[in-house]
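Hey, can you work out the whole structure from these sequences and the hints?
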Amino acid sequence: MKNLILFTVLILNLVSVTFAQEKPLDLVNQLPHIFIKICDAKNDEVQSYGKILEDFKKRVNSSLDSLALLKIKAQKSANINPKSNTTSHNKELDLVKSKISTRDFSVEFDKALNNEAEKLKSKKIEDITIKMGETSDYAVMEKLLDEINQAALEYCNSSSPKFIELLIQQRAVLETDIANIVKASDLKQQIECDVLDYTYFTELSYETAYIYILDHLKYMTFLLGLAPGNE
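Numbering of the sequence shown is given in this note's numbering, commencing with residue 1480 and proceeding in unit increments.
Source of the hints: derived by calculation from the structure; they are not laboratory data. C-beta: ideal position from N, C-alpha, C; glycine also. Check before you lean on any hint, since a few could be wrong.
[Said to hold, decoys possible] Here are the in silico distance ranges between beta carbons for each label pair: (1) S1580 to N1540: 21 to 29 Å; (2) G1529 to L1675: 14 to 22 Å; (3) V1652 to E1605: 32 to 40 Å; (4) S1580 to Y1617: 48 to 56 Å; (5) I1559 to V1652: 45 to 53 Å; (6) G1708 to I1609: 19 to 27 Å; (7) E1524 to D1583: 26 to 34 Å; (8) N1564 to P1640: 51 to 59 Å; (9) N1564 to D1694: 32 to 40 Å; (10) D1583 to D1534: 45 to 53 Å; (11) Y1617 to K1502: 50 to 58 Å.
[Said to hold, decoys possible] Derived lysine to aspartate or glutamate pairs resembling DMTMM-like cross-links, with alpha carbons at most 20 Å apart: (12) K1662 to D1573; (13) K1590 to E1633; (14) K1552 to E1686; (15) K1602 to E1626; (16) K1502 to D1665; (17) K1697 to E1644; (18) K1552 to E1682; (19) K1550 to E1671; (20) K1662 to D1505; (21) K1555 to E1686; (22) K1662 to E1501; (23) K1552 to D1676; (24) K1578 to D1665; (25) K1576 to E1654; (26) K1641 to E1597; (27) K1603 to E1626; (28) K1555 to D1544; (29) K1576 to D1665; (30) K1590 to E1644; (31) K1641 to E1682; (32) K1578 to E1686; (33) K1502 to D1534; (34) K1536 to E1682; (35) K1697 to E1686; (36) K1667 to E1571; (37) K1552 to D1665; (38) K1555 to E1654.
Okay, here's the thing in structure tokens:
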């Protein structure tokens, strides 16, 4: 038991060194390009790009997950400070938050995907699938498969321009806001340290920024679903 306690203490003391936290700004600057030519891409190109996205998401998730032990270390000596005064920090926090975009991209992305073109594509594919179940003629099935691919291509050509436009806009907002997102988290942490006597760690101010980056990567991955070869 004594050895276990010593090991735990050692881990907590070294956690900030053991996990190299990537700075959010660096991650934003290294984000993969937006796959603009998604409708013309071949399957191997889509798969290769998907691998790049997955590897990048693993990097961000690794940095996010490694904050867990650091949080434990920061909060292990929690104690309410009755003399804390966070007025100045709160004022600065309000100012910084006012500079961060409140645009809800999730609603816009949803509309870009779930539109009339998507309903038409789904109906066409459903009808074609029924026809495929009614024939055993290989030549007919080949023709029907081509029709499915054509329906998927039409949907991609119809929906991807708006989706790509939103990705470009979201990327621009992220690039503009990332410093203030980190600053706002940093001020919140300073307030918690003042009030609850937590130990301050710069890296803990990266958490919200990591989540914003992962959200952008999520929609970049959604774009791959528009590729005709994914049907």
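Tested hints:
1. The given range of 21 to 29 Å is respected by S1580 and N1540, whose C-beta atoms sit roughly 24 Å from each other.
2. Distance hint check for G1529 and L1675: the Cβ-Cβ separation is about 42 Å, which falls outside the suggested range of 14 to 22 Å.
3. Evaluation of the 32 to 40 Å hint for V1652 and E1605 yields a pass: the beta carbon distance comes to about 37 Å.
4. At roughly 54 Å, the beta-carbon separation of S1580 and Y1617 lies within the given 48 to 56 Å, and the hint holds.
5. In this structure the hint that I1559 and V1652 lie 45 to 53 Å apart at CB is violated, the actual value being about 37 Å.
6. Taking 19 to 27 Å as the suggested C-beta distance range, the pair G1708 and I1609 conforms, at roughly 22 Å.
7. For E1524 paired with D1583, a C-beta distance near 31 Å keeps the hint of 26 to 34 Å intact.
8. Take N1564 and P1640: their Cβ atoms lie about 52 Å apart, and the range 51 to 59 Å holds.
9. A beta carbon spacing of about 35 Å between N1564 and D1694 agrees with the range 32 to 40 Å that was offered as a hint.
10. Our hint of 45 to 53 Å for D1583 and D1534 is violated, since their Cβ atoms are close to 28 Å apart.
11. Here the CB-CB span from Y1617 to K1502 is close to 56 Å, well matched to the stated 50 to 58 Å.
12. Proposed proximity of K1662 and D1573 is supported: the alpha carbons are some 11 Å apart, at most 20 Å.
13. For a cut-off of 20 Å, the pair hint linking K1590 to E1633 stands: about 17 Å separates their Cα positions.
14. With a C-alpha separation of about 15 Å, the suggested pairing of K1552 with E1686 holds against the 20 Å cut-off.
15. About 12 Å separates the Cα atoms of K1602 and E1626, which keeps this hinted pair within 20 Å; it holds.
16. The hinted pair formed by K1502 and D1665 meets the criterion: a straight-line CA distance of about 13 Å does not exceed 20 Å.
17. Pair hint K1697 plus E1644 holds up; C-alpha atoms about 15 Å apart against a cutoff of 20 Å.
18. Between K1552 and E1682 the alpha-carbon distance is near 12 Å, which keeps this suggested pair within the 20 Å criterion.
19. Only pairs whose Cα atoms come within 20 Å are accepted, and K1550 paired with E1671 is accepted, the gap being roughly 12 Å.
20. Distance hint between K1662 and D1505 is fulfilled; the C-alpha atoms sit about 15 Å from each other, no more than 20 Å.
21. Distance check on the hinted pair: K1555 and E1686 sit about 19 Å apart at the alpha-carbon level, within 20 Å; holds.
22. For the hint linking K1662 to E1501, the alpha-carbon distance of about 16 Å falls within 20 Å, and the restraint holds.
23. Simply put, K1552 and D1676 have alpha-carbon atoms about 12 Å apart, close enough for the 20 Å limit, and the pair holds.
24. Distance hint between K1578 and D1665 is fulfilled; the C-alpha atoms sit about 15 Å from each other, no more than 20 Å.
25. Between K1576 and E1654 the CA atoms are separated by roughly 15 Å; this keeps the pair inside 20 Å, and the hint holds.
26. A threshold of 20 Å between alpha carbons decides the hint, and for K1641 with E1597 the separation of about 13 Å falls inside it, so the pair holds.
27. Between the alpha carbons of K1603 and E1626 the distance comes to roughly 9 Å, so the proposed pair stays at or under 20 Å and holds.
28. In summary, the hint linking K1555 to D1544 is supported, as the alpha carbons are separated by about 18 Å, within the 20 Å threshold.
29. The straight-line distance between the Cα atoms of K1576 and D1665 is roughly 12 Å, inside the 20 Å bound, and the hint therefore holds.
30. Between K1590 and E1644 the alpha-carbon distance is near 13 Å, which keeps this suggested pair within the 20 Å criterion.
31. Proximity of K1641 to E1682 is assessed by CA-CA distance (about 36 Å); at most 20 Å being required, the pair is judged violated.
32. Simply put, K1578 and E1686 have alpha-carbon atoms about 19 Å apart, close enough for the 20 Å limit, and the pair holds.
33. A threshold of 20 Å between alpha carbons decides the hint, and for K1502 with D1534 the separation of about 17 Å falls inside it, so the pair holds.
34. Distance restraint check for K1536 and E1682: the Cα-Cα separation of roughly 18 Å lies within the 20 Å cut-off, and the hinted pair is therefore satisfied.
35. The straight-line distance between the Cα atoms of K1697 and E1686 is roughly 17 Å, inside the 20 Å bound, and the hint therefore holds.
36. Simply put, K1667 and E1571 have alpha-carbon atoms about 10 Å apart, close enough for the 20 Å limit, and the pair holds.
37. Between the alpha carbons of K1552 and D1665 the distance comes to roughly 17 Å, so the proposed pair stays at or under 20 Å and holds.
38. Under the criterion of a C-alpha separation no larger than 20 Å, the hint pairing K1555 with E1654 is inconsistent with the structure, at around 34 Å.
Of the hints listed earlier, those the structure fails to meet are numbers 2, 5, 10, 31, 38, in rising order.
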